[in-house]
Amino acid sequence: MAQVSIRKVEKQYESYKAVHGIDLEIADEEFVVLVGPSGCGKSTTLRMVAGLEEITGGEIWIGGDLVNDVPPRDRDIAMVFQNYALYPHMTVFENMAFGLKLRKFPREEIKKRVDEAARILDITSLLERRPKALSGGQRQRVAMGRAIVRNPRVFLFDEPLSNLDAKLRVQMRTEIKKVHQTVRTTTVYVTHDQVEAMTLADRVVVMNQGRIEQVGPPQELYHNPATRFVAGFIGSPAMNFIPVRVLNEGGLQVQLPGGERLMVPPQRTNRYAQFAGKEMTLGIRPEHLTETHDSEKPGVGRMNANVEVVEPMGMETMVHFKIGKDELTARIDPAVHAAPNEVLPLAVDMNQMHLIDPASGRVV
Amino acid sequence: MSARVESGMAGGSLASKIVIYGLLLVFAVIFLTPLFVMLITSFKTLDEIRDGNMLSLPQHPTIAPWLSAWGTACIGLTCGGIKGYFGNSIEMVVPAVAISTLLGAINGYILTKWRFPGHKPVFALMLFACFIPFQAVLIPVARVLGMVGLGNSIAGLVLVHVIYGLGFTTLFFRNYYEAFPSELVRAAQIDGAGFFQIFSRILLPASGPIIIVTVIFQFTNIWNDFLFGSSFASGDGVPMTVALNNLVNTSTGVKEYNVDMAAAIIAAFPTLFVYVVAGRYFVRGLMAGAVKG
Amino acid sequence: MSTTTATRAISHERASMRDKLQDWLPRLVLAPSFAVILLFVYGFILWTIYLSFTHSRMMPVYTLTGFDSYMRLFAQPSWWMALKNIAIFGVLYVAICIALGLTLAILLDQKIRGEGVLRPIYLYPMAVSFIVTGTAWKWFLNPGTGLEKTMQDWGWTSFHFDWLVNADMAIYTVVIAGVWQAAGFCMAMFLAGLRGIDGEIMKAAQIDGASTYATYRRIVIPALRPVFLSAFIVLTHMAIKSYDLVIALTGGGPGNATELPSTFMYSYTFTRNQMSVGASSAVIMLMTVAAIIVPYLYSELREKQR
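Protein chains in written order, with my numbering: chain U, 1 to 364; chain E, 1 to 293; chain A, 1 to 306.
It is possible that some hints are incorrect.
[What the hints assert, rightly or not] Only some residues are given here: those of chain E computed to face chain U with a beta carbon under 7 Å:
| id | residue |
| --- | --- |
| 1 | LYS83 |
| 2 | GLY87 |
| 3 | LEU184 |
| 4 | GLN189 |
| 5 | ALA193 |
It is worth saying that the hints were derived from the structure and are not from the lab.
Only a predicted model underlies this, so the values are computations on that prediction, with no experimental measurement involved.
Idealized CB from N, CA, C, for every residue including glycine.
Full structure from sequences and hints, please.
This is the structure we're talking about:
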């Protein structure tokens, strides 16, 4: 078990820079998820931790050792790959035992470890099969088993669930979480799926264009995103962004493109007062755009939506509408009537608003 | 592909079908005739060849020409048949194929899984080497083989065939390993396997088809080679193809066409056998060597 | 856990040395192959080029004499004969192989029963040595024993087919035997190309009202362009290199009627002791091949990067 330190790490390819000097401290036994859109540098970072990519700047420490120049096999890590990377000509047992065999573990020890891992993952009955004869989920388990038997200092996962169908993905997600709760190995997990990140991580690292946007526990990222990128990336359906003008006419308020105005709740006025008269971006999550009630909580404003599309989901209904050029989504009670081309009054919970400086992209 | 001309055929009726099959059969006959003539001629007596028809079946089939071709026919001044030369070819082809295939596999492995700066020009230079006309290196090779004492030796021919086959074998394996998932190599690296272990335990076990293709391609090329054999070997040391040509052109005594044909079939037998047994791989090798992508 | 820690400590000691080696190992392993190719291909080509600028006869001499050998080369009537022959042979061989190969491929692609039997029949000559091919055709085309005699035996007494021994026509027998050997290979290339065409495109064309002929002309053959290019390159390359076939079929004769650059090079170098002239003819062959192959390889390698 070990902590991982990533210090000012850079990755420069011939023509472009994939990672721009990132810093990240991962505690022992922590489960950290790197998340971001494709090409954001998350996989490159993971591969540098694994030793599969040369580090062109900065340092990576694993458990107190500087590993920049240590080859993957001596870093005492294990990795689960996107396509599982099971050796096709070996049985499940041989796949899992390969790393131990190369390290000259005694036969009984190998057998003990493989059996134990197989038991944890519930694949004991598959040990004599070859990967070809396994389903996607089973292959995934074997790939994890191969990592577990090594009892490494760090687990690395590179988008391990992206090749599974939706249902299996949810199952395996739970499985991975369970395994981590059992073996408690420090884990770095890469995914582009923010739901996976939210559900698995102790801490989520959101990356974009080779930089870290924000690091924090899932709830914190959700409720207090630091940047517009994080605000838009975390949460599904995505947060609504509306260009607004901040006004200070009889209390601080924001003016929507259609001319409607919403009051800023009193506890936020101090924070936002300095932006009076400026063009800002209002961020509000769909779940805070709801049907109206007879008596609203303090801080809830109202706006009218010209409904374009209605999507009933069962326990809720998504309503898509436009303000100016921007497509917005509201999440309303399915009992409330909503139909295309009608005007629907909406309640806006301004207590949950985010105000974003469009120039810097930072949430203020 | 099967759906392809279905509708065309449906419009085209029986007549077009007859034309198509007719043409295909005519060509099949044309392609088979030389082999057929060789076969029947090799079982005829010289009298029958002289008096009879080229296309008629032997009236008094005899295997004497075969025995003569194999064991007693005169090639140049020695009259020991072609068996010794057949042996020469085998002694040449087995090590040459084995070595060039193994080196090609390792080279292909490096050029796909252990890329280094400059791997592209290295590969381009090896690739172009496949296509040079050998006349452009014939004189230096002859000099160098002579200098190092490998002139007129099977070992020299093995060396030459290995070197000038390397481009192709490397190309074959490179293209094959290009499609081999690099993730497996990375997984093996993390599992602790080194350069040679990854090759022998991960890639080689998955290389069956390309090994067959390469071996067949190299075997056919080297067995059928004439230029190197005639340039760098002489006397009793020449390979089968050269001996066959010498046999056919030996002008002492009566021209024994039946013996020539038997010898030609013997010379063609190993590659034809491979073709019949593993034609699929043979075609794949030809294509891989032709359409480089 | 403690054992792993221990081994880790030890491995670290040696780590840097071994890692350096690991980094260089692939290059070290590749180096001999590459060095050998550099020397035996490119080095020897330079050597040959050098010799072509000397007066080497039976043994190499290394005094440069400029373009003398090239002058002598182009003063040889038999070299001009070889050039004329390679032009005739090359054009006919490539054109007929492509035409015949494409025809066979299209015919075979008509949902033919027995394709599995026919295809290997067209292709088998490719597995056979040119020497064997030459021997067989020499017999087959021999006026005294082969086709001519057979036809006359069958009552067609006026039938004459003496190309093999006719200096004006002998080069065409080389074309015949060459086509017999390589047409099936062309067929295989075109067939693979045809099978690679999306069947739905053809169905769409037929629904659009195209006849079978029009479908092939307008849709299929244009889609086979890359195959035409590959076939052209490979066949041209084979034509320039062909040596064995001529040796076995005609021996370059009658006279020098079927001399090709390859046979010319060999005889001037090894039997006529005019090494520098042989070298200059080899250089010209090499330049011809390079002019065709280099642009092709260049475009193939570039395409793959995309």
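inquiry  = Under the constraints set out in the numbered hints, which ones does this structure not fulfil?
reply    = 1 and 2
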